[in-house]
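Got chain A sorted already, so can you dock chain B onto it with the hints?
Protein chains: 2
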Amino acid sequence: MATPIKPSVVYGRPVSTDGVPNIYRGATVVPWTAPDPGIDNLGINSVDTFAVPGVGEYTVPFDGYVRVVRSEPTSRDWHQAEVYTNLIEMKMVGECEELGRITVTLNPQCLSTGQIRTPFDPYAGEGPSAKACRMAVGAMFDMPKLGLKLANKEPIILTIDDVRQIPPAGAPGKGQIYRMLPLHDIEHFEEQPVAYVTSLRFNMGGYITEEEIATF
Amino acid sequence: MATPIKPSVVYGRPVSTDGVPNIYRGATVVPWTAPDPGIDNLGINSVDTFAVPGVGEYTVPFDGYVRVVRSEPTSRDWHQAEVYTNLIEMKMVGECEELGRITVTLNPQCLSTGQIRTPFDPYAGEGPSAKACRMAVGAMFDMPKLGLKLANKEPIILTIDDVRQIPPAGAPGKGQIYRMLPLHDIEHFEEQPVAYVTSLRFNMGGYITEEEIATF
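Keeping their order, the protein sequence lines are chains A and B. For the first sequence, this note's numbering assigns the number 2 to the initial residue and increments by one for each residue that follows. For the second sequence, this note's numbering assigns the number 2 to the initial residue and increments by one for each residue that follows.
Extracted from the complex, chain A is given alone in its bound form:
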């Protein structure tokens, strides 16, 4: 299902999907354990705020799924383990009156990459064993009501803290957007941004079924 276009922009470490099994609803996740490689099929929802200069600011709830391939962990010891991830598929759909229906997918020009590792700055409140998850994402925002397809050129950094299991299903996360993340019209990609994401919060869902993926 992944796109056949070879990405020209690679945000981190590529992870092969060769021979890696898909994991769906019903799989068991064991806390504090560095698991075998897998392709996690997970639900996701988010609330994104878009600012369109001169027009307005709009907050839109999205619902959908992601497919994430996970590498072999660098260690089977939880505290030492680093796991590398690639976001190989995403579809999220949202709607608001002013912007119409918005479909968010991966930008096939970008390899969206991430990792899970023990942070250098453990928070108070996180256990000493909690890990940090981060992913750099190149996305496309299709807004047919406005006749626009937008894409980010800087990656959107999605983070989940206090990670106690892999994958961090069920955990809330945040897009680390400082004031504004520019979005460009893909038809005029060398020109200035036409809109901005000003806020992004998400919840990583649990494992879903192939049938649930097909409904999006």
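Incorrect hints may appear among the rest.
As the list claims (entries may be wrong) - Only pairs whose alpha carbons sit at most 27 Å apart, straight line, appear in this in silico DSSO-like list of lysine-lysine:
#	chain 1	residue 1	chain 2	residue 2
1	B	7	A	7
2	A	150	A	92
3	A	92	A	175
4	A	92	A	7
5	A	175	B	175
6	B	150	B	92
Said to hold, decoys possible - Short, incomplete list of chain A residues facing chain B, as computed with Cβ under 7 Å:
#	residue
7	13
8	14
9	15
10	52
11	121
12	133
13	137
14	155
15	156
16	177
17	179
18	180
19	191
20	193
21	199
Calculated directly from the structure, the hints in this document are not laboratory data. We put the CB at the ideal spot given by N, CA and C, even for glycine.
For chain B alone, coordinates are given in the frame of chain A:
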């Protein structure tokens, strides 16, 4: 002086340097004014913290310069104006005992881009007219003592708030790093990161002379 390699990764809007004058020490900056295009030759210093897994965390002060080309403003009205920037040259040098001398330059594979505009979320304490400056940077960290050249694959997002003049010379700024920004060994660029930037704070200096640039 800019590199002749065409970048394969472009983080925002390209800005042409054709016919744009260099601006050096002695130039006057007028607050609350959207100026003509220019190439700003500015001093800069920063304090960066590097984490090397299994080895340690090191905080290093850097000093150097940047050359930034600024676009024609989209309006001559300060509040409306957007200005687009490209970082066309950078050299910063720092040193610590464990890592040795570190030289930071632009990654010629990346076009480092930025913009200055009125934020959508004015802070309390910033005047209503203050602008926000941001730049997405692809850098190389040459560490000859360790025999390593490192580069980031996600851009480093440098921000300056409460911008009352263009360029924001003399203003403090911050690298918007959430917990860790991965650095890759350019000799093994497809592999996992070997180090991280965990903190970055900088001060944009004033205009400098061509002679001062030559001393770095």
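Evaluated hints:
{"no.": "1", "hint": "7(B) with 7(A)", "in the structure": "19 Å, holds"}
{"no.": "2", "hint": "150(A) with 92(A)", "in the structure": "15 Å, holds"}
{"no.": "3", "hint": "92(A) with 175(A)", "in the structure": "18 Å, holds"}
{"no.": "4", "hint": "92(A) with 7(A)", "in the structure": "19 Å, holds"}
{"no.": "5", "hint": "175(A) with 175(B)", "in the structure": "20 Å, holds"}
{"no.": "6", "hint": "150(B) with 92(B)", "in the structure": "15 Å, holds"}
{"no.": "7", "hint": "13", "in the structure": "6 Å, holds"}
{"no.": "8", "hint": "14", "in the structure": "5 Å, holds"}
{"no.": "9", "hint": "15", "in the structure": "6 Å, holds"}
{"no.": "10", "hint": "52", "in the structure": "5 Å, holds"}
{"no.": "11", "hint": "121", "in the structure": "5 Å, holds"}
{"no.": "12", "hint": "133", "in the structure": "5 Å, holds"}
{"no.": "13", "hint": "137", "in the structure": "5 Å, holds"}
{"no.": "14", "hint": "155", "in the structure": "5 Å, holds"}
{"no.": "15", "hint": "156", "in the structure": "6 Å, holds"}
{"no.": "16", "hint": "177", "in the structure": "4 Å, holds"}
{"no.": "17", "hint": "179", "in the structure": "4 Å, holds"}
{"no.": "18", "hint": "180", "in the structure": "5 Å, holds"}
{"no.": "19", "hint": "191", "in the structure": "6 Å, holds"}
{"no.": "20", "hint": "193", "in the structure": "5 Å, holds"}
{"no.": "21", "hint": "199", "in the structure": "5 Å, holds"}
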